[in-house]
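Undergrad: Take the sequences, apply the hints, and build the full model.
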Amino acid sequence: MSVRVRLHPYFRRFTDGQDAVEAVGQTIGECIDDLGSRFPGIKERLCDEKGELLSFYDIYVNSQSCYPEELAKPLKDGDELTIVTIIAGG
Amino acid sequence: MSKAAGRGLQRYDRQMLIEGFGREGQERLRRAKVVVAGAGGLGCVISIYLAAAGVGKIRLVDHDRVEFTDLNRQILYTDKDVGRRKVDSAKERLESLNPEVTVEAVDQTITEDSVLELVGGYDLIVDAMDNFAARYILNKAAIDNDIPLFHGAIHGFEGRATTIIPGRTACLRCLYRRVPSLGTTPVIGVAAAVIGSIQATEVIKYIVGIGELLTNRLLIYDGLGLECMELELKRHPDCEECRHIREAQR
Numbered sequence: 876m877s878v879r880v881r882l883h884p885y886f887r888r889f890t891d892g893q894d895a896v897e898a899v900g901q902t903i904g905e906c907i908d909d910l911g912s913r914f915p916g917i918k919e920r921l922c923d924e925k926g927e928l929l930s931f932y933d934i935y936v937n938s939q940s941c942y943p944e945e946l947a948k949p950l951k952d953g954d955e956l957t958i959v960t961i962i963a964g965g
Numbered sequence: 210m211s212k213a214a215g216r217g218l219q220r221y222d223r224q225m226l227i228e229g230f231g232r233e234g235q236e237r238l239r240r241a242k243v244v245v246a247g248a249g250g251l252g253c254v255i256s257i258y259l260a261a262a263g264v265g266k267i268r269l270v271d272h273d274r275v276e277f278t279d280l281n282r283q284i285l286y287t288d289k290d291v292g293r294r295k296v297d298s299a300k301e302r303l304e305s306l307n308p309e310v311t312v313e314a315v316d317q318t319i320t321e322d323s324v325l326e327l328v329g330g331y332d333l334i335v336d337a338m339d340n341f342a343a344r345y346i347l348n349k350a351a352i353d354n355d356i357p358l359f360h361g362a363i364h365g366f367e368g369r370a371t372t373i374i375p376g377r378t379a380c381l382r383c384l385y386r387r388v389p390s391l392g393t394t395p396v397i398g399v400a401a402a403v404i405g406s407i408q409a410t411e412v413i414k415y416i417v418g419i420g421e422l423l424t425n426r427l428l429i430y431d432g433l434g435l436e437c438m439e440l441e442l443k444r445h446p447d448c449e450e451c452r453h454i455r456e457a458q459r
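These protein sequences, in sequence, are chains A and B.
Heads up: the first sequence begins at 876 in this note's numbering, then just goes up one per residue.
Heads up: the second sequence begins at 210 in this note's numbering, then just goes up one per residue.
Mixed in with the good hints, there may be bad ones.
Claimed, not checked - If you anchor each label on the Cβ, the simulated ranges turn out as follows:
id, chain 1, residue 1, chain 2, residue 2, range
1, B, Ala342, A, Arg888, 31 to 39 Å
2, A, Gly892, B, Gly330, 48 to 56 Å
3, A, Lys925, B, Gly392, 38 to 46 Å
4, A, Arg879, B, Lys242, 56 to 64 Å
5, A, Pro943, B, Ile227, 44 to 52 Å
6, A, Tyr885, B, Glu304, 36 to 44 Å
7, A, Gly926, B, Gly418, 48 to 56 Å
FYI, nobody ran anything at the bench for these hints, they're computed from the structure.
No experiment lies behind these values; they were computed from the predicted model shown.
Think of the CB as a built atom: it goes at the ideal place given N, C-alpha and C, for glycine as much as any other residue.
TA: Right, here's the structure in full:
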């Protein structure tokens with residue numbers, strides 16, 4: 876499966892400034908592994924040492940939150956992923 | 210007759226010139242009752258611009274006192290206010306800014322028990338809180354009472370904003386499914402200025418009935434790169450707060 880991943884501005888430092896990149900995988904977790912292999916640093920920012928998604932990120936597929944167990948969610952060809960940092964300050 | 214009353218609508222002359230606004234829009238603002246939940250960085254900016262625009266009744270809710278660490282971004286307060294109740298200082302400043310509006314200062318914590326009393330009888334709620342627990346309480350109250358909710362959040366130079374119309378748009382729990390634990394937020398005043406202004410803009414547009422609202426869209430503002438991206442939002446079918454609202458009501 877090939878999907879499009881829209882990146883929060885923070886992550887563009889790992890992608891030479893690209894705001895969206897293609898990724899390959901059957902699940903969100905596999906796509907993040909693929910991103911991590913091509914853009915070193917991304918996976919380390921998204922996941923903890925056990926490979927779990929850090930709690931201050933939400934991942935959306937085609938505009939819908941994938942919580943819970945995001946990384947196991949299956950993907951279809953052409954899906955669009957958006958990774959968003961959750962913020963709460965006021 | 211006070212000086213302000215003697216000037217009639219002169220204060221609002223420039224905004225009434227905006228196409229689609231006029232005297233009718235100004236009258237709608239005068240009749241509006243808005244709860245601003247939180248008198249911190251966002252709440253200060255939101256309430257200043259709602260008061261200046263002539264929103265007739267503003268209920269400002271916050272249980273904190275002003276601290277020195279607030280002064281970089283909470284622009285209703287000065288050094289002299291440190292130690293005072295935020296809502297008292299804010300009410301003085303806002304009514305001085307525009308004596309034609311009524312500001313109700315409510316020194317209370319927003320909880321599941323208090324929220325209905327705090328938002329009851331009001332037309333709109335502005336979410337200017339600084340934590341997810343309180344934001345989710347406001348979100349539930351907005352949905353249960355069919356009151357539009359104007360969400361904003363900041364962190365560093367970043368911000369988020371979206372406008373929630375119960376039953377018609379994604380709610381805060383459709384958007385954020387998890388409850389993250391976040392520590393003390395680093396933040397600069399200009400981020401609060403941008404996002405608070407966007408929330409106030411949405412409130413004014415909604416009341417007057419002009420423009421396109423930030424509904425089913427999350428605005429993601431990055432002040433460092435000075436750019437915005439948008440995430441289209443959809444109601445989540447498993448949303449614990451709004452899934453009970455029938456499809457026909459959307």
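Undergrad: Decide, hint by hint, whether the structure agrees.
TA: So, going through the hints one by one against the coordinates:
{"no.": "1", "hint": "B:Ala342 <-> A:Arg888: 31 to 39 Å", "verdict": "holds (32 Å)"}
{"no.": "2", "hint": "A:Gly892 <-> B:Gly330: 48 to 56 Å", "verdict": "holds (50 Å)"}
{"no.": "3", "hint": "A:Lys925 <-> B:Gly392: 38 to 46 Å", "verdict": "violated (21 Å)"}
{"no.": "4", "hint": "A:Arg879 <-> B:Lys242: 56 to 64 Å", "verdict": "violated (44 Å)"}
{"no.": "5", "hint": "A:Pro943 <-> B:Ile227: 44 to 52 Å", "verdict": "holds (45 Å)"}
{"no.": "6", "hint": "A:Tyr885 <-> B:Glu304: 36 to 44 Å", "verdict": "holds (41 Å)"}
{"no.": "7", "hint": "A:Gly926 <-> B:Gly418: 48 to 56 Å", "verdict": "holds (50 Å)"}
Taken one by one, the earlier hints fail for this structure at numbers 3, 4, listed in ascending order.
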